[in-house]
Amino acid sequence: MAAADVEDFIEQNRHLSDLVETFRTISESDKHWKSRREFIFRNINDYEDPHVDHLLALSMVWANNVFLGCRYHPELLEKVKEMADGIVVEDAPVFKTRDELIKQHQKR
1 MAAADVEDFI EQNRHLSDLV ETFRTISESD KHWKSRREFI FRNINDYEDP
51 HVDHLLALSM VWANNVFLGC RYHPELLEKV KEMADGIVVE DAPVFKTRDE
101 LIKQHQKR
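So the sequence shown is residues 1 to 108, counted in UniProt numbering.
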């Protein structure tokens with residue numbers, strides 16, 4: 001589902017869109033929320049009640065990894081990356097691991 005498709009889906013499913021808007025956290029920037037909202041819309045049909053909490057947790061794992069550089073178990077990251085396939089995050093931050101930073105420093 002492309003970003004334009006998400007916007008069309010929102011327009012056609014206003015009741016669902018209103019529900020999803022309640023999932024935004026107070027600390028999320030517009031950029032962060034727009035991407036996480038797209039993740040939720042792309043996967044909501046697979047996680048309907050009573051499993052929507054599971055979807056919200058997965059969306060936070062994905063967003064925390066993309067925007068904050070948080071690390072999780074590789075299998076979990078693989079799952080959320082598959083769920084987010086096709087979501088384009090403009091100007092996403094790039095994070096280096098501690099080991100990468102040490103290697104870079106040792107090369108100097």
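Treat the hints with care, since some could be wrong.
Derived lysine-lysine pairs resembling DSS-like cross-links, with alpha carbons at most 27 Å apart [stated by the list, open to error]: (1) K31 to K103; (2) K107 to K96; (3) K79 to K96; (4) K34 to K81; (5) K107 to K31; (6) K31 to K96; (7) K34 to K107; (8) K79 to K34; (9) K81 to K96.
Pair by pair, the computed Cβ-Cβ distance ranges are [to be verified]: (10) T22 to T97: 17 to 25 Å; (11) R14 to H105: 27 to 35 Å; (12) L101 to D53: 31 to 39 Å; (13) L16 to R108: 24 to 32 Å; (14) D5 to A92: 17 to 25 Å; (15) R14 to H73: 17 to 25 Å; (16) I102 to E7: 20 to 28 Å; (17) V88 to N64: 17 to 25 Å; (18) E100 to S29: 46 to 54 Å; (19) K107 to D46: 19 to 27 Å; (20) F9 to E82: 42 to 50 Å; (21) K103 to E7: 24 to 32 Å; (22) S17 to V89: 17 to 25 Å.
In short, the hints are calculated from the structure, not lab data.
By construction, the Cβ of each residue, glycine as well, lies at the ideal position given by its N, Cα and C atoms.
Cross-check of the supplied hints:
Between K31 and K103 the CA atoms are separated by roughly 32 Å; this puts the pair beyond 27 Å, and the hint is violated. For the proposed pair K107 and K96, the alpha carbon gap of about 15 Å is at most 27 Å, so the pair holds. The suggested pairing of K79 with K96 holds, with an alpha-carbon distance near 21 Å, which does not exceed 27 Å. Between K34 and K81 the alpha-carbon distance is near 17 Å, which keeps this suggested pair within the 27 Å criterion.
The suggested pairing of K107 with K31 is violated, with an alpha-carbon distance near 35 Å, which exceeds 27 Å. For the hint pairing K31 with K96, the CA-to-CA distance comes to about 22 Å; that is within 27 Å, so the pair holds. Restraint check: the Cα-Cα separation between K34 and K107 comes to about 39 Å, which exceeds 27 Å; the hinted pair is violated. Between the alpha carbons of K79 and K34 the distance comes to roughly 20 Å, so the proposed pair stays at or under 27 Å and holds.
As the CA atoms of K81 and K96 are separated by approximately 18 Å, the hinted pair is consistent with the 27 Å bound. The hinted range of 17 to 25 Å is not satisfied by T22 and T97, whose Cβ atoms lie roughly 35 Å apart. Roughly 52 Å separates the CB atoms of R14 and H105, a value that falls outside the hinted 27 to 35 Å. Between L101 and D53 the CB atoms are about 35 Å apart, so this pair conforms to the stated range of 31 to 39 Å.
The hint said 24 to 32 Å for the Cβ distance between L16 and R108, and at roughly 53 Å that hint is violated. Checking the proposed 17 to 25 Å range against D5 and A92 shows it holds: the Cβ atoms sit about 20 Å from each other. With their beta carbons about 37 Å apart, R14 and H73 fall outside the hinted range of 17 to 25 Å. Separation of I102 from E7 is about 43 Å and departs from the stated range, judged on CB atoms against 20 to 28 Å.
For V88 paired with N64, a C-beta distance near 18 Å keeps the hint of 17 to 25 Å intact. Separation of E100 from S29 is about 26 Å and departs from the stated range, judged on CB atoms against 46 to 54 Å. The beta-carbon spacing between K107 and D46, approximately 45 Å, falls outside the hinted interval of 19 to 27 Å. The beta-carbon spacing between F9 and E82, approximately 20 Å, falls outside the hinted interval of 42 to 50 Å.
Checking the proposed 24 to 32 Å range against K103 and E7 shows it is violated: the Cβ atoms sit about 42 Å from each other. Range check, S17 to V89: about 20 Å between beta-carbon atoms, so the 17 to 25 Å window is met.
Against the hints set out earlier in the document, violations occur for numbers 1, 5, 7, 10, 11, 13, 15, 16, 18, 19, 20 and 21.
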